[in-house]
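Colleague: Chains A and B supply the protein sequences, listed in that same order. Anchor point for the first sequence: position 38 equals 38 in my numbering, and the numbering is continuous, going up by one each time. Anchor point for the second sequence: position 64 equals 64 in my numbering, and the numbering is continuous, going up by one each time.
What the hints contain is simulated information worked out from the structure, not anything from laboratory work. Treat the hints with care, since some could be wrong.
[As the list claims (entries may be wrong)] Which chain A residues face chain B? A few, computed with CB under 10 angstroms, are given here: (1) 12; (2) 38; (3) 43; (4) 44; (5) 46; (6) 47; (7) 49; (8) 53; (9) 56; (10) 63; (11) 79; (12) 96; (13) 97; (14) 98.
Cβ atoms here follow ideal geometry from the backbone N, Cα and C, with glycine treated the same way.
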Amino acid sequence: DAKTTQPTSMDCAEGRAANLPCNHSTISGNEYVYWYRQIHSQGPQYIIHGLKNNETNEMASLIITEDRKSSTLILPHATLRDTAVYYCIVRSSGNTPLVFGKGTRLSVIA
Amino acid sequence: DAGVIQSPRHEVTEMGQEVTLRCKPISGHNSLFWYRQTMMRGLELLIYFNNNVPIDDSGMPEDRFSAKMPNASFSTLKIQPSEPRDSAVYFCASSSRMTGARQPQHFGDGTRLSIL
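Based on the provided sequences and hints, a complete structural model is requested.
Modeller: Printed below as a string of structure tokens:
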């Protein structure tokens with residue numbers, strides 16, 4: 001699975017959009033981009049995933065560049081409860097294990 | 001719907017004792033994963049099963065660790081004998097193997113293990 005690069009940490013004001021970037025320049029054609037987050041003391045929580053089209057669900061939007069070498073997770077109206085570590089993971093098969101990097105620590109500030 | 005259920009939530013025991021962690025996957029899921037999280041190494045895979053069969057156990061640190069999945073609704077991770085360096089949070093996750101789909105993994109709340 002391709003390697004991903006994320007900023008170590010980010011801050012976001014409450015109520016504003018949080019835009020979390022991820023680089024995956026070595027991604028191959030059959031690899032999906034997944035986003036998970038981990039709120040303190042809890043298990044990782046699935047957020048969203050995509051292949052090449054932009055995706056949106058009740059939690060977030062995922063924007064994937066046309067060359068698929070990078071993506072952005074957007075939380076449209078961040079709340080204090082969105083404070084967590086966000087992991088961007090590239091994965092080729094639906095049932096292979098997840099390989100977690102260090103993720104981005106997002107702090108939502110009142 | 002019930003999520004992945006892990007027990008116990010916390011375990012404190014002395015070095016040398018046997019430790020058994022338990023996991024009940026989401027009903028209908030047929031892939032199960034055991035991960036471990038420490039400050040030093042982050043989240044890392046220990047072992048995973050498809051249809052109750054172990055597929056990859058290369059992440060199991062030593063022979064002291066063993067995992068079983070006797071049926072589709074239950075798995076155990078055992079450490080015998082335990083050592084202080086085994087202290088970590090252990091997560092279980094499950095997913096469905098729907099053909100052609102990219103099914104996300106759903107995680108339990110973990111077992112926080114402390115070996116004194």
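Colleague: Take the hints in turn and mark each one as holding or not.
Modeller: Here is how each hint holds up against the structure:
1. 12: 23 angstroms, violated
2. 38: 8 angstroms, holds
3. 43: 3 angstroms, holds
4. 44: 5 angstroms, holds
5. 46: For residue 46 of chain A, the interface hint holds, since the closest Cβ of chain B sits about 4 angstroms away, which is under 10 angstroms.
6. 47: 9 angstroms, holds
7. 49: 6 angstroms, holds
8. 53: Violated, about 13 angstroms.
9. 56: Where the cut-off is 10 angstroms and the nearest Cβ of chain B is about 16 angstroms from residue 56 of chain A, the hint is violated.
10. 63: Violated, because the Cβ-Cβ distance from residue 63 of chain A to chain B comes to roughly 18 angstroms (cut-off 10 angstroms).
11. 79: 21 angstroms, violated
12. 96: 8 angstroms, holds
13. 97: 4 angstroms, holds
14. 98: 6 angstroms, holds
In summary, the structure is inconsistent with hints 1, 8, 9, 10 and 11 from the numbered list given earlier, while agreeing with the others.
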